[in-house]
Amino acid sequence: MTITPQPGIMEIELYQSGASKIEGVTEVVKLSSNENPHGPSKRALDAFRQASGELHLYPSTDHAELREAIGEVQGMDPARITCGVGSDEIISFLCYAFAGPGDEVLYTEHGFSMYRISALAAGATPVVAPETERRTDVDKLLAAVTEHTKLVFIANPNNPTGTMIDEAEVARLADGLPEGCLLVLDGAYAEFVDGFDAGKAVIDARDNVFMTRTFSKIYGLGGLRIGYGYGPQEIIDTLNRVRGPFNLSVPALKAAEMAMRDVGYTEWCRVENARMRDWMTAQLDAMGVAVDPSEANFVLARFEDQAKAESVDAHLKTKGLIVRLVAGYGLPSCLRITVGTEAACKRVVAAIKEVL
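Take 1 as the starting number for the sequence shown in our numbering and just add one per residue.
There may be inaccurate statements among the hints.
[To be verified] With a straight-line cut-off of 25 angstroms between C-alpha atoms, the simulated BS3-like cross-links for lysine-lysine are:
(1) K30 with K308
(2) K42 with K30
(3) K317 with K346
[Claimed, not checked] Derived DEER-like restraints, expressed as beta-carbon distance ranges:
(4) E179 with E342: 33 to 39 angstroms
(5) E234 with A201: 17 to 23 angstroms
(6) A286 with A314: 21 to 27 angstroms
(7) P101 with R135: 29 to 35 angstroms
(8) E23 with T341: 50 to 56 angstroms
(9) E23 with D204: 48 to 54 angstroms
(10) G328 with R270: 24 to 30 angstroms
(11) G39 with P178: 43 to 49 angstroms
(12) A327 with D207: 37 to 43 angstroms
(13) E310 with Y15: 18 to 24 angstroms
Worth flagging that the hints you see were computed from the coordinates, not collected in a lab.
C-beta: ideal position from N, C-alpha, C; glycine also.
Using the sequences provided together with the hints, build the complete structure.
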């Protein structure tokens, strides 16, 4: 008997995470996964430790306390929030619920790889729209929309480019989509942009826009896997039908709630990230390395060709520094470098100077 997977499954290329080890090197600085180098807030850590006394209990099925915290801090209606195992799970819920065989899922050429993976897992067809100079191009996205398009994903700011489009362009994209097509705003890096609502105003004025968010980046909780989605009530009600009842653990829920409420620490992380991101961008620019202005917690360094990018990467590894080659995102001559601590950023810049 032959066991055959559903169409699309065998087309999935396994997700490649950022490297964390260098053979023969015991102490490494990992700048390949856009993690917060300062870790989570003390309040989040304390909540995690206290939750260890509740490990014999099932977590809540409705995530009410976490949703309430998100609603208070972000100015959102808690009833219009759903939580998942990272924003990745929310992305997969969207594809399972709204796309399938014969449907198309549209995203930009340098978009997050999970859009393609989740589309294929749902049996849908992934479709790629070109970007313009590594930036989301609304006109090219709209030109790629067909009667079969059910979901359009854009990350804003985008990973791995760090670029973003403004609210007016997001609204123009939403208003240009046909009936029955949902625009999904991936806001994994939204907190790094000063005063940015991640598209909340656009969502609140329409019924065809949804956002995903994560606790893995600025909140420093990547190891716990927590994310959430916000949007129209009917979308939330649909996603909650495919969401597992106990998809988030007690420690994850408690830590995320405190991380969200510790707004002072979040703001400190944003300011510190901006300081070192701008410094590193200026240093690379002075060396002749092209860098688009980034709005996230990483910079995309563009070298003359793939060979140069790989040689710089290899040299960084000899110094115990791990960054991210992004050929898999269609950027073979680029390195994505997470903004680390001040000491880590200075080490990276010094090592690149040695090569160039």
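Now the hints, each set against the structure:
Proximity of K30 to K308 is assessed by CA-CA distance (about 21 angstroms); at most 25 angstroms being required, the pair is judged to hold. Distance check on the hinted pair: K42 and K30 sit about 22 angstroms apart at the alpha-carbon level, within 25 angstroms; holds. Annotation: proposed proximity of K317 to K346 holds, straight-line Cα distance about 15 angstroms (limit 25 angstroms). About 50 angstroms separates the C-beta atoms of E179 and E342, a value inconsistent with the hinted range of 33 to 39 angstroms.
A hinted range of 17 to 23 angstroms for the beta carbons of E234 and A201 is consistent with their spacing of about 19 angstroms. A hinted range of 21 to 27 angstroms holds for the C-beta pair A286 and A314, which are about 23 angstroms apart. In this structure the hint that P101 and R135 lie 29 to 35 angstroms apart at CB holds, the actual value being about 32 angstroms. For the pair E23 and T341, the beta carbons lie near 24 angstroms from each other, so the given range of 50 to 56 angstroms is not met.
A hinted range of 48 to 54 angstroms for the beta carbons of E23 and D204 is consistent with their spacing of about 50 angstroms. A hinted range of 24 to 30 angstroms holds for the C-beta pair G328 and R270, which are about 28 angstroms apart. At roughly 44 angstroms, the beta carbons of G39 and P178 sit within the given window of 43 to 49 angstroms. Between A327 and D207 the beta carbons are some 39 angstroms apart, a value that agrees with the proposed interval 37 to 43 angstroms.
Evaluation of the 18 to 24 angstroms hint for E310 and Y15 yields a pass: the beta carbon distance comes to about 21 angstroms.
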